[in-house]
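Going down the list, the sequences are from chains A and B. FYI, in the numbering used here the residues of the first sequence are 588 to 827. FYI, in the numbering used here the residues of the second sequence are 588 to 827.
None of these hints come from the bench; they were simulated from the model. For clarity, every value in this text was computed on a predicted model and none was experimentally measured. Do not rely on the hints blindly, as some may be mistaken.
Same chains, same label: a pair holds when it works inside one copy or across any pair of copies.
What the hints assert, rightly or not - Straight line, CA to CA, 25 Å or less: simulated SDA-like cross-link-like pairs of lysine to any residue:
#1 Lys703 - Thr589
#2 Lys773 - Ile762
#3 Lys751 - Ser798
#4 Lys827 - Arg635
#5 Lys592 - Leu716
#6 Lys774 - Glu697
#7 Lys702 - Phe607
#8 Lys661 - Asp822
#9 Lys702 - Ser753
#10 Lys824 - Ile814
#11 Lys661 - Ile699
#12 Lys673 - Ser753
#13 Lys774 - Asn672
#14 Lys702 - Asp808
#15 Lys815 - Ile711
#16 Lys661 - Leu691
#17 Lys705 - Thr589
#18 Lys774 - Ser629
#19 Lys702 - Pro667
#20 Lys825 - Tyr800
Number of protein chains: 2
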Amino acid sequence: MTDYKFSPIGYVHSAYKEKFGIPRQPGLVNIPATIEIETAFSNDEAFRELETFSHIWVIFVFHGIEQGSNSKWKNMVRPPRLGGNKRVGVFASRSMFRPNPVGLSVVELESIERKKNKIIINIIGGDLLDQTPVLDIKPYIPYSDSVTSARAGYAVEQPEPKLKVSFSEQATSKITVAEDQYPMIKKIIEQILQLDPRPAYLADKNGNKKSEYAIKLYDYDLIWQVIKEEIIVTDLKKVK
Amino acid sequence: MTDYKFSPIGYVHSAYKEKFGIPRQPGLVNIPATIEIETAFSNDEAFRELETFSHIWVIFVFHGIEQGSNSKWKNMVRPPRLGGNKRVGVFASRSMFRPNPVGLSVVELESIERKKNKIIINIIGGDLLDQTPVLDIKPYIPYSDSVTSARAGYAVEQPEPKLKVSFSEQATSKITVAEDQYPMIKKIIEQILQLDPRPAYLADKNGNKKSEYAIKLYDYDLIWQVIKEEIIVTDLKKVK
């Protein structure tokens, strides 16, 4: 078998420091992120006219997965959309654990700017982990990419935001401080949590779900609980 | 820079033996093709539920391009949609000559079958060259992949089929013979040619376009001319 070797053209910078909490599909949330293009590819000409497109495809590597071994992927996966109970084939899923760990997301293109010798692409869109290696950027071309007649199998309906999100006094005051550096952080927290990121399979021996959760967001641990199907943010702890 | 290594999970079999003639975007034509999955990945479980989706993403390698060198890509390309005159950035194009030669096409999923120890995926869709290495297959999920609000820059409108295609007596009788092996061949020829595959830049020193063209299709050379903006198929020559 022939191998193909690819080098990242850039890397994502986003609020997401870990997989837990990332919306299961892009487009569900409006969270800003950037793609920092490597110097070798940061030629203005290479991006000319890209800003005339409202959306772009980001083809990326699911990183943090052991390379060069297939030990991590299985023929069947349990998509979170199915409550973690039903299994489907890996190629019928968008799971990150796949033979070639290549991901595909459409994101909104906000702007393109230059910082010193690097091009920075500002995007709005959902599911890219911080430090994700980007292999390619392509324009989203509606007449070929938007298949309005397409039927989806088990993921037909967009999940509606459903949970109410409240903040403890402690969380509120810490968020106020964090907003100096991350003005969008409260909006980001609300968008992530109302989608109910609790993994279906995370239950103790008695079948009870955990009651307290932590999500790494920027350089914080976001601490939250679920009480009577309402999400309460209890703390935002600085890490490091 | 980190390199990532990927192995194809399968290979495309299609009528297209060369780049010339391939529609510039998938979805413009209804041409059958297959993806033959490598034995190592031909486990029925890995494709379970995929058939519940009407469309799939094929992530592939633009092959036949020298690997391991960047000699073939340039910062600016001339998209055929712009008549080959205007240049745009490579990342604002779907050109095959790009830093990481990865392609992305949505195709219609017709059926999945098994032939001995291999899974064969029957697809309908436009632009995949024969022997294209496939890196990944993902379900097309309309609510995230179909961005109906997206605006495109220079490629807003789907080009309409525009040229009339006629057949000489010689071509007609040879096509009749070829139909024994390739029942769809006439329909395929019509679909490809009515999109006017003449490359804009193919002109002689005096600016006149060539008058006779050949497209490799299956194991044939399809010979055609353009007379008064009408396409006349003059021959279908068996090669080899």
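Status of each hint after checking the structure:
{"no.": "1", "hint": "Lys703 - Thr589", "in the structure": "between (38 Å within a copy, 23 Å between copies)"}
{"no.": "2", "hint": "Lys773 - Ile762", "in the structure": "within (7 Å within a copy, 66 Å between copies)"}
{"no.": "3", "hint": "Lys751 - Ser798", "in the structure": "within (16 Å within a copy, 68 Å between copies)"}
{"no.": "4", "hint": "Lys827 - Arg635", "in the structure": "neither (40 Å within a copy, 44 Å between copies)"}
{"no.": "5", "hint": "Lys592 - Leu716", "in the structure": "both (22 Å within a copy, 20 Å between copies)"}
{"no.": "6", "hint": "Lys774 - Glu697", "in the structure": "within (18 Å within a copy, 42 Å between copies)"}
{"no.": "7", "hint": "Lys702 - Phe607", "in the structure": "neither (31 Å within a copy, 40 Å between copies)"}
{"no.": "8", "hint": "Lys661 - Asp822", "in the structure": "neither (37 Å within a copy, 50 Å between copies)"}
{"no.": "9", "hint": "Lys702 - Ser753", "in the structure": "neither (38 Å within a copy, 56 Å between copies)"}
{"no.": "10", "hint": "Lys824 - Ile814", "in the structure": "within (20 Å within a copy, 74 Å between copies)"}
{"no.": "11", "hint": "Lys661 - Ile699", "in the structure": "between (38 Å within a copy, 20 Å between copies)"}
{"no.": "12", "hint": "Lys673 - Ser753", "in the structure": "neither (32 Å within a copy, 53 Å between copies)"}
{"no.": "13", "hint": "Lys774 - Asn672", "in the structure": "neither (31 Å within a copy, 45 Å between copies)"}
{"no.": "14", "hint": "Lys702 - Asp808", "in the structure": "neither (29 Å within a copy, 51 Å between copies)"}
{"no.": "15", "hint": "Lys815 - Ile711", "in the structure": "neither (32 Å within a copy, 49 Å between copies)"}
{"no.": "16", "hint": "Lys661 - Leu691", "in the structure": "both (19 Å within a copy, 24 Å between copies)"}
{"no.": "17", "hint": "Lys705 - Thr589", "in the structure": "between (33 Å within a copy, 18 Å between copies)"}
{"no.": "18", "hint": "Lys774 - Ser629", "in the structure": "neither (31 Å within a copy, 44 Å between copies)"}
{"no.": "19", "hint": "Lys702 - Pro667", "in the structure": "neither (39 Å within a copy, 32 Å between copies)"}
{"no.": "20", "hint": "Lys825 - Tyr800", "in the structure": "within (15 Å within a copy, 67 Å between copies)"}
Figure legend: structure checked against the earlier numbered hints; hints not met, in rising order: 4, 7, 8, 9, 12, 13, 14, 15, 18 and 19.
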